[in-house]
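A.B. asks: With the hints as your guide, set chain B onto chain A.
Chains as they are written, first to last, in the working numbering: chain A, 1 to 416; chain B, 1001 to 1879.
Derived by calculation from the structure, the hints in this document are not laboratory data.
Please read these numbers as outputs of a predicted model, since none were measured by experiment.
Take the hints with a grain of salt, since some may be wrong.
Not the full set, but computed from the structure, chain A residues with beta-carbon under 10 Å of chain B [what the hints assert, rightly or not]: (1) Val99; (2) Arg273; (3) Leu342; (4) Glu345; (5) His346; (6) Val348; (7) Leu349; (8) Arg350; (9) Ser353; (10) Gly394; (11) Arg396; (12) Ser397; (13) Gly398; (14) Leu399; (15) Val400; (16) Leu409.
Residues on chain B that point at chain A, a partial pick, calculated with CB under 10 Å [as the list claims (entries may be wrong)]: (17) Phe1733; (18) Leu1752; (19) Asp1759; (20) Thr1761; (21) Gln1762; (22) Arg1787; (23) Ala1811; (24) Gly1812.
Just the calculated beta-carbon pair ranges, DEER-fashion [what the hints assert, rightly or not]: (25) Arg363/A to Gln1745/B: 24 to 34 Å; (26) Gln232/A to Phe1733/B: 38 to 48 Å; (27) Gln1745/B to Arg189/A: 32 to 42 Å; (28) Phe1733/B to Glu345/A: 19 to 29 Å.
Note that beta-carbon positions come from the ideal geometry of N, C-alpha and C, so glycine has one too.
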Amino acid sequence: MQIAADHCGNRQRLVIVGAGMAAAYLLQELGGACADLDITVIGEESDTCYNRVLLSNVLAGERTEADLRMLEASAERELVNFLPGTRVDSVDLERRSLVTDRGQVLHWDRLVFATGASVARPCLPNGNVRGVEQFRTLADASHLRRLAAEGDPAIVVGGGLLGLEAAHGLNTLGFSTTVVHRQSWLMNRQLDDQGASQLQIDLQRNGIRFRLGESVAALETDGEMLTGVELQGGETLPCKLLLFATGIKPNADLAGAAGLAVDRGILIDGRMRTSTQGVYALGECSQIGRECFGLVAPIREQARVLARELLGTAVAPFSPGRWPTQLKISGIEIFSAGDLDLGGEHLVLRDESAGVYRRLVLREGRLVSAILVGDKRGGGWYSELISSGTDISGFRSGLVFGREVSEALQQSARAA
Amino acid sequence: MSSCQTTCPYCGVGCGVTAEVKDNKVIAISGDASHPANAGKLCVKGSTLAQTLGPEGRLRTPVHKGARIDWDEALQLVATRIADVRAKYGPEAIAFYLSGQLLTEDYYVANKLMKGFLGSANVDTNSRLCMSSAVAGYQRAFGADYVPCTYADLETCDLLVLVGSNAAWTHPVLYQRIAESRRANPHKRIVVIDPRRTASCDIADLHLQIAPGSDGFLFAGLLHYLDQNKLLDAAYVEAHTEGLEEALAIAASHTPARVATRTGLAPEQLAQFYQLFGATEKTVTFYSQGINQSSTGTDKCNAIINCHLVTGRLGTPGMGPFSITGQPNAMGGREVGGLANQLAAHMDFRAEHVELVEQFWQAPAMARAPGLKAVDMFQAAAEGKIRFLWIMATNPAVSLPDSAMVRRALSRCDFVVVSDCVSDTDTAACADLLLPAQGWSEKDGTVTNSERCISRQRKLVDPLAEAKPDWWIVTEVARRLGFGRAFDYQHPGQIFTEHARLSGHGNDGSRDFDISALGDLDTQAYDQMLPGYWPRPKTPLTDAPIADGHFFTPSGRARFIAAQPAMPDQDASAQLKLNTGRLRDQWHSMTRTGRVAKLMRHRDFFSISLNGRDAHERQLCEGDLVEVCNELGRIRGLVRLEGDLPPGQVFSPIHWSGQFSGSGCVSDLMAATTDPVSGQPQSKFARVSAKPAPTSCWGLLLTREPPDLPALGYWSRVVVAGGYLTLFAGEIFTPPRELYKTLLQSVQRDGLRCSSYQDETQDDFREVALDGGEVRHALFLHRNRGRLPATDWMAGLLTADRPAGSVALLAGLDAGVADKGRLICTCLEIGERQIEQAIVAGACDVDALGQQLGCGTECGSCVPELRRLLLATGKKKVA
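In isolation and in its complexed conformation, chain A is listed as follows (with noise of 0.2 Å):
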């Protein structure tokens, strides 16, 4: 098959394997140099490029699907060929060309792969029996929403960022919802015990219920539909629903069958480059170093170097580091940054009845970490005095309160 290549003309081919946001985000930076290559988007899901980050909004009736778009009525969507519903059945790095599984064979001069990830789902017997459901698609969002009861016991494994959001999304929905979190306090990777605290408070003002500490052991069914779960701690829940949120695992197996070095994810460098030459990979399937990507921030930073590369711009490479996390989970801000080893000394606040905790760490003078739960302002300025190591003495006794406060305070201490 010749089209990609009859199409081609003398421009280089691109071709970018994902069309999730991590490829949105490469062609938004592209912006009006998609005319000058010639680029395909080859995306399994039938909806491409759309925010996946809203997908709970659609999941309670917050959002429509037409509120994700990415790209719409875009100059990139035009200059881009995308192929929806196209799954990649195999990449050879020799030759420049892969098939789809319709039997397509495409050339490419550069190669992206943004495959995102998928869900880690746990081993449980009955895993496949109806009620078991997944969470990661606008498609997965519209089949929950066929299967709203109002007050159907649904359960959510994980507490994490997509567990919660995912948990909302049901309760909003109308489920009777319960988070099911292994570890003793929710986004354990984000915040600290009392930060998390507070957020539980405010999602269980929405109506949701927690088991921490606790996993699933086993599910109970009717043979055909699931029925309930029996946690670890021998406690029976009954159960309708049930989503899976206990991380997410890179799609990285297209790459490692072609050959491309990889480990959880597909390993690259600093300029997105893969362990072959003119082939990159970003996003959730990426790899540096020992880290992988969840968040929005990073991947659109990737795709900011990432396009540069492409066009031959200088640019500064990607530096992995720990990224603010900023998002907003049932209408509750939350903002975490820096090193979240607690070792240092603490200024917390607590606002208790306005769902307002922060928690800043200081070593040395200098502020190491931020989480604010409830109320992210001022977040910027923490993560920009993380990353500048500022010595932030002159103001302590402002500091968690933001940056007016904490100028006010030393325009005061001055005066005296």
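C.D. replies: Chain B alone, transformed into the frame defined by chain A:
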């Protein structure tokens, strides 16, 4: 709305007050232009009287051992206990301790019951602490307790010598009259004799900063000087006095050189004063607690009087030895015999006086010998000799020296009754029975001020709850003891006229106190009585007391008193000398002034003044916590550096009780040393040492109710609009975090929106609690006091219309509130910082400040401080 003329309940000036009353509430207070004491002026304490009248903290019903009982039961209980103790231990085991806050009528019935019907003379009063040396001094010299001056003399004299008086702060309206007369009379000279440079020095031509307690030497030396320089009025001495030779003999050793050594004054300064005194005919020596509150107070009074007698300078306008009292009715108490060594109506315990009074009262059980004076009375109670004690309208647990002894006395008595208008005093805490008395604005009667002017203090509003007049309470007890016929009073006027008739009973000019002209007033005439001076005998006198050389000694001559002056003590081992006194905006133990937020802003938290050198030697800085102690006790306060305090001296205000501070009761350090003649305690002198008190942290706690505090290294509380602000420090061994937790347990937090901030490494803990938009409490705690929010800002939180969000409050910042600094002008609420800014911006004198800010234009008490700020800030500007 109605308007009523009454008398101010604060100091001994006794200003007339006009009160506007509406719906049974005093809504406005102004000076009574027709009253001779003040001619319309008021000080800031007087002008804020309406704000002291709220029901908060008032005692509403009788309370027996913590339980409310009804009046009948309470009165019967008092009568029974008195009868029991009298039967079992005799009348000497019963004592009444009264107060210069009582009205003359209250005093009269209490005195009558004890001295005529119970058979003991154990009636004494807190006036013992204030002017009993002055009484004794007059009695020794004149044979009667006759104050030979009026306020007009302060204006008409050419030389005014203020001794041991900071009138600018303690008697502000008189001070204003003096200051005005000085402006009007360019020849007038004012000398201030005081170990401290006080606000009164603002108008002084000469300030003699003598060594504490050396006044007696100064005046003995003056007598010697007058003699040596032939400045005596030989004719007067010859015609009207006795005992000069002996007095001169003692004075002879007090040469100027020796006096200079004793007093620490430069010989030139001393000479200047002596020459001025010698040369100025119209001289008034005006003295107060600095003279009276001394172990040789009576001798000091007589040393002053000697100098007036020897020059014949008394009894004529513009001259005389003038003792000013501290309380509104100290004089009235003296007139009815409220002191244990007096009987009644300026009569004492000589047989003919006892007989006269016995006859007049138809008394079944006359006391025939003086009773126990205040300190002796409490010592007797501490030794178990007094079994029944009734305390009216005073707070001896704070005001008497050696508070530990006073507390022992109160706990050892079989039965302690406290009649008071407020419920929480340090003394009330020790009582078996509390009786709710009417307070100012509710009670009705008469008071006498320092110039012998009797004025009506009138009822303005209905009493709160079950509060009763003190005279009624005593009368009802007397009836239950079976003395109904002698105590058949329905109205205070009946008591007053009986008192007036007693003063004329068998008098015929033999006694100075005679108001028998008022003995027939009917109720209406009593109600309408205008202020008037005594004596007011029914039959006009042929010669006026004192003025016409009419004295009341057996010989009819005034007596010189020959007494060797003495220093307070010779023990120089302790490092520092402690002096005490009043603050400008406070009064006594603050049971009244402590309720007015703006009166707490001149000096907010309990502080102790030190000289910079002494502080530096002890590594103390302004605002640090200092512990001042001796073998009797300890107090703790914030260091206030006062350059005007000579090295080696410490000053503490007298006002702080256990209701306002954890360790501010200066009486704890005062030995029960008294003057041997008057029995007045030496409340202005103690040997002490001072050292830094280590603290673990500092905090500010803002609450709507008075907080129940845990053990603390220091605390001091002020009233603010809507609640209370407490500054505290943690004991060094109390970890700040623990203290924070304990304090949170002491406030009501259920259902409130609590926000907190913690920086544990810095010991920085904060909590603000809101209920809706209203701040309920706020707690800030920090290792470093300087890191606490401004008190002005804290003080405004409870009444803020729309307080900032709780998180902004936790930040301790609110752009809208500027810190004014401590209040200098209380009337117009102008703070130190505002004044400094105005000076920096160009205001160059008091008038300019007044025009710009209004400060100093109302009561004028702050003018000395304004002048000093002008001086200090001006210097800074130049530098």
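A.B. asks: Of the numbered hints stated previously, which ones are contradicted by the structure, given in increasing order?
C.D. replies: Hints 1, 2, 3, 10 and 17 are the ones this structure does not satisfy, whereas the remaining hints hold.
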